[in-house]
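**Q** Chains as they are written, first to last, in the numbering used here: chain A, 1 to 212; chain B, 1 to 111.
Simulated from the structure, these hints should not be mistaken for lab results. One thing to keep in mind: the hints can contain errors.
So, partial list: chain B residues that the calculated Cβ filter (under 8 Å) puts toward chain A [said to hold, decoys possible]:
#1 Met20
#2 Val22
#3 Val78
#4 Asp102
Distance windows between CB atoms, simulated [unchecked claim]:
#5 A:Asn33 x B:Pro62: 40 to 50 Å
#6 B:Leu79 x A:Thr93: 24 to 34 Å
#7 B:Arg105 x A:Leu186: 21 to 31 Å
#8 B:Leu79 x A:Arg36: 19 to 29 Å
#9 B:Leu79 x A:Ala115: 18 to 28 Å
#10 B:Asn97 x A:Ile158: 54 to 64 Å
#11 A:Ile23 x B:Ala106: 29 to 39 Å
#12 B:Lys110 x A:Trp98: 22 to 32 Å
#13 A:Ala84 x B:Lys110: 20 to 30 Å
#14 A:Pro120 x B:Asn97: 53 to 63 Å
#15 A:Gly19 x B:Asn93: 31 to 41 Å
#16 A:Arg36 x B:Arg105: 18 to 28 Å
#17 A:Leu148 x B:Pro62: 19 to 29 Å
Glycine included, every Cβ here is placed at the ideal spot set by N, Cα and C.
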Amino acid sequence: MINLLAVNWVDFYFIIFAGIACIFALGVLLTSNIVRMAFYLVISLGATAGLFFLAGAEFVGAMQLMIYVGGTLVLLIFGVMLTAQSRFISMKTHPRDWLLAIIVGSSLLMLLLIAAFNVPEWHDENQVQAAVAKLETADSKTATPLGLALTGVRVDKIGAAERLKPGMSGYLLPFVIVSVHLLVVLIGAAYMARAKRGIRVASSEETDPTDD
Amino acid sequence: MFTLLAFTTVSMYLAVGAVMFVVGVVCMATKRNALGVLMGIELVLNGANINFIAFGSQYLRPNSLGLDGQLIALFVIVLAAAEAAVALAIALNFYNNHISIDVDRADELKG
Numbered sequence: 001m002i003n004l005l006a007v008n009w010v011d012f013y014f015i016i017f018a019g020i021a022c023i024f025a026l027g028v029l030l031t032s033n034i035v036r037m038a039f040y041l042v043i044s045l046g047a048t049a050g051l052f053f054l055a056g057a058e059f060v061g062a063m064q065l066m067i068y069v070g071g072t073l074v075l076l077i078f079g080v081m082l083t084a085q086s087r088f089i090s091m092k093t094h095p096r097d098w099l100l101a102i103i104v105g106s107s108l109l110m111l112l113l114i115a116a117f118n119v120p121e122w123h124d125e126n127q128v129q130a131a132v133a134k135l136e137t138a139d140s141k142t143a144t145p146l147g148l149a150l151t152g153v154r155v156d157k158i159g160a161a162e163r164l165k166p167g168m169s170g171y172l173l174p175f176v177i178v179s180v181h182l183l184v185v186l187i188g189a190a191y192m193a194r195a196k197r198g199i200r201v202a203s204s205e206e207t208d209p210t211d212d
Numbered sequence: 001m002f003t004l005l006a007f008t009t010v011s012m013y014l015a016v017g018a019v020m021f022v023v024g025v026v027c028m029a030t031k032r033n034a035l036g037v038l039m040g041i042e043l044v045l046n047g048a049n050i051n052f053i054a055f056g057s058q059y060l061r062p063n064s065l066g067l068d069g070q071l072i073a074l075f076v077i078v079l080a081a082a083e084a085a086v087a088l089a090i091a092l093n094f095y096n097n098h099i100s101i102d103v104d105r106a107d108e109l110k111g
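Using the sequences and the accompanying hints, generate a full structural model.
**A** Here it is as structure tokens:
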């Protein structure tokens, strides 16, 4: 009985988070106001973090909130504010483009939904019960295994049959590559956003004095 | 179908991910504001991330991807941050040069 109640609460929160994520994603699509789009995107990504927490990925959910909602979207909102002239706030799309996009999008959605429900193992209630029965503890602690996997040690696969050599199955190299990639990208972005602004100030002073 | 909808399973996560992915694709196709296109890209990446988390969740399937799904999701989040920074720099450059953020105006390379 207690187990049944727990399953129902999981479903309850899943429906709430999934509904919020999908409805506000649709809101991003359907509104033409760029400021509202940014706001709806914040809510949609926050609800996605809730889905991550619900799936037991609490570290990824926290990173979703911190990096995505706290970093990337603040960046996007700054972009919206820097370009928010009244003629760009609300840009209408031609109905012809809407028609084509809706046709392509709905057929793609149909394909993906059929694929999602095509494998019986993926929506089998017994699978969920078996997975929960296999767990030793109800709470998930993934931060330490994730950090160790990023340094090359897979503590979560120590008992596995297909165990690889220590240090061979980790994610140290991708982690280093991503780190260098992020550094290069941020330097490049800062350089690109800076250099052109200097040129623009210099040229606008001699050609277009009314432009601020 | 209804008993199928009432349970939190991998398929339901995949359905949510599919909806966000498709909304992002349609967003990229229809928005004329360059920042709207960027938001569509963010939605697409999140839809993919939901799939990775669902396949990696040990609460939904006994033989799941395990920690690999979460690690790939982390990489996707970091790469999305890098992509957003570069794309925003390009969009601001475009705005500074053309005094417009309409992607339909970016047709100088048209033959």
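**Q** Which hints from the list above does the structure break, by number from lowest to highest?
**A** The structure conflicts with no hint, since it agrees with every one listed earlier.
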